[in-house]
Amino acid sequence: MIPSSFVDVIVIGAGLSGLQAAVDLDKAGLSYIVLEANDRVGGKTLSVPSSSKSDGIVDLGAAWINDSSQKEMYALAQEFGFDLIVQRTEGLSLDQSNGTTHAIPYGQFGDFTDEQLAEIVVILTKLQEYVDRSNLEHPHLGPDAEKLDSMTALEFASKEFGQGIAKVLVAILTRDLLGVESNELSALFLINYIKSGTGLANISSDRKDGGQYLRNRQGNERFAIKLAAKLSKKNIKLNSPVVKITQDKKGCTTKSGHKYHSKKVILSVPTSLYPKIDFEPHLSPAKKELGDSTELGYYSKSILVFDEPWWRNTNLSGVLTSMDGPISFTRDSCVPEDKQYSITCFHVGQPGRKWSKLPEQERKDAVVKQFKDAFGTVIDKVPEPIDIMEKDWLKDPWFLGGPSPVMKPGLLTGAGTSIRDPFKSIHFIGTETSVVWKGYMEGAIRSGIRGARDVIEALD
1 MIPSSFVDVI VIGAGLSGLQ AAVDLDKAGL SYIVLEANDR VGGKTLSVPS
51 SSKSDGIVDL GAAWINDSSQ KEMYALAQEF GFDLIVQRTE GLSLDQSNGT
101 THAIPYGQFG DFTDEQLAEI VVILTKLQEY VDRSNLEHPH LGPDAEKLDS
151 MTALEFASKE FGQGIAKVLV AILTRDLLGV ESNELSALFL INYIKSGTGL
201 ANISSDRKDG GQYLRNRQGN ERFAIKLAAK LSKKNIKLNS PVVKITQDKK
251 GCTTKSGHKY HSKKVILSVP TSLYPKIDFE PHLSPAKKEL GDSTELGYYS
301 KSILVFDEPW WRNTNLSGVL TSMDGPISFT RDSCVPEDKQ YSITCFHVGQ
351 PGRKWSKLPE QERKDAVVKQ FKDAFGTVID KVPEPIDIME KDWLKDPWFL
401 GGPSPVMKPG LLTGAGTSIR DPFKSIHFIG TETSVVWKGY MEGAIRSGIR
451 GARDVIEALD
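First residue of the sequence shown: 1, per UniProt numbering; consecutive thereafter.
One or more of the hints may lead you astray.
[What the hints assert, rightly or not] Here are the computed lysine-lysine pairs in the DSSO-like style, where the Cα-Cα straight-line distance is at most 27 Å: (1) K408 x K159; (2) K276 x K249; (3) K259 x K208; (4) K255 x K276; (5) K408 x K126; (6) K27 x K167; (7) K234 x K259; (8) K249 x K126; (9) K237 x K263; (10) K354 x K369; (11) K391 x K357; (12) K391 x K53; (13) K354 x K208; (14) K208 x K230; (15) K27 x K234; (16) K288 x K249; (17) K288 x K147; (18) K339 x K226; (19) K408 x K147; (20) K53 x K27; (21) K288 x K408; (22) K381 x K395; (23) K263 x K53; (24) K233 x K249; (25) K288 x K395; (26) K276 x K27; (27) K226 x K250; (28) K276 x K339; (29) K357 x K339; (30) K250 x K27; (31) K364 x K395; (32) K364 x K391; (33) K126 x K208; (34) K53 x K250; (35) K259 x K424; (36) K339 x K354; (37) K53 x K249; (38) K276 x K381.
Derived from the structure by calculation, the hints contain no laboratory data.
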């Protein structure tokens, strides 16, 4: 007979959102259990040693915060005493397209003509106007919501700006932000996602106020480890995937090899993974549609580790942007104090999916070749990396991609309106349910705070 336990609240998922919810439940004096399918806490944060030759840490998952609009994450960084590193933005960047590579000032668009640059400014200005007048918390109530949600981001770009440079810009945006192609999500969803990141300029920026402004010397998985340390170890059960949630007059029961009974459940898994759980009774039609129709993008990393930061010594930022190969963009991820010198390569969208299907050595060879081809245009000899680390989130059965589930046309103005609504005694959290900074660690923490608050009020 499967053993049973009784608690006030069951939290499913020990990522940042689930752990934050548990911390708040603990403070409120409620009994709880946290059930985590994986063998570690942290969700899509994953920090590992960069090499045997240094004390440095690199992040194979979520990488950045800021100290202005991401107040919850910054407060935690201060509380835990983490050393925050400003993302490098000095030096020349490289832009690779159509088989050629050009060195450009950091932050500038690729090798475009003056006429094309003027067109880009007009397109981005108009896109930001759509963002500005949209409804942040209730996107389905904003102007033109139905129209914008009836078309893909690609169709929106073509109708609004024509087939030229706009098509390329929107493809870069959807890949870099969400790991999907521009025909795989609705225009309204893209606009709302940008608004949740405080606008186009900030969500795409590595500078002050930007989504990619600060890195954590200790590694972002430490946020989860520190949150978990606030909880009793016996209240966190690893390797405990929940396969069934039953709700009846007596409350909720979860099955994960051990039965847990509770008054409430806080579910902290991506909407696209809801179908992995058997719900009894079945989820509401809207919640079921969210589970069946949302999808995670392809978003993975390769980290090239070097003996020295040779690019810094040659006035390069470490940034490469490309439409040509498996690397879509790179960032300097060094921590000189720890003798940790690395460049992180991002594999996103369709180029990433194609790369993911290669055998391991072929994947690494493809990354190094593209990297050397690009940087080899500006320095005589590109050093060999001393190590290459990668994390393919698509192949992890408890994640299946990242950073946040996307909605196809028709979903955000339909079933998507219920994303934060409870279903009977189940409350839903996770970064995609956040109003601001969805897809980011900030969104995860804020959703955990909201979920715990709702449950505490309901049980009061």
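Original post:
Keeping to a limit of 27 Å between CA atoms, is the pair of K27 and K167 held or broken?
Top reply: violated (49 Å)
Subject >> 27 Å limit on alpha-carbon distance, applied to hinted pair K339 and K226 >> reply: Status holds; Cα separation ~25 Å.
Original post:
Is the hinted pair K354 and K208 satisfied, with a Cα-Cα distance of at most 27 Å?
Top reply: violated (34 Å)
Original post:
Straight-line Cα separation of K288 and K408 no greater than 27 Å?
Top reply: holds (15 Å)
Original post:
For the pair supplied as a hint, K53 and K250, is the alpha-carbon distance within the 27 Å limit?
Top reply: violated (56 Å)
Original post:
If you draw a straight line from the CA of K357 to the CA of K339, is it 27 Å or shorter?
Top reply: This hinted pair is violated, its Cα atoms lying about 33 Å apart.
Original post:
Straight-line Cα separation of K364 and K395 no greater than 27 Å?
Top reply: holds (16 Å)
Original post:
Within 27 Å, alpha carbon to alpha carbon, are K53 and K27?
Top reply: At roughly 42 Å apart (the allowed maximum being 27 Å), K27 and K53 break the hint.
Original post:
Does K249 lie within 27 Å of K53 when you go C-alpha to C-alpha?
Top reply: violated (58 Å)
**OP:** Sort out whether K208 lies within 27 Å of K126, counting only the CA atoms.
**Re:** Roughly 23 Å between the alpha carbons, so the hint for K126 and K208 holds.
**OP:** Would you check the hint for K276 and K339, treating anything up to 27 Å between C-alpha atoms as holding?
**Re:** Measuring from Cα to Cα gives roughly 43 Å; hence the hint is violated.
Original post:
Is K233 close enough to K249, meaning Cα to Cα at most 27 Å?
Top reply: violated (30 Å)
Checked against the numbered hints listed earlier, the structure breaks hints 3, 6, 8, 13, 14, 20, 22, 23, 24, 26, 27, 28, 29, 34, 36, 37 and 38; every other hint is satisfied.
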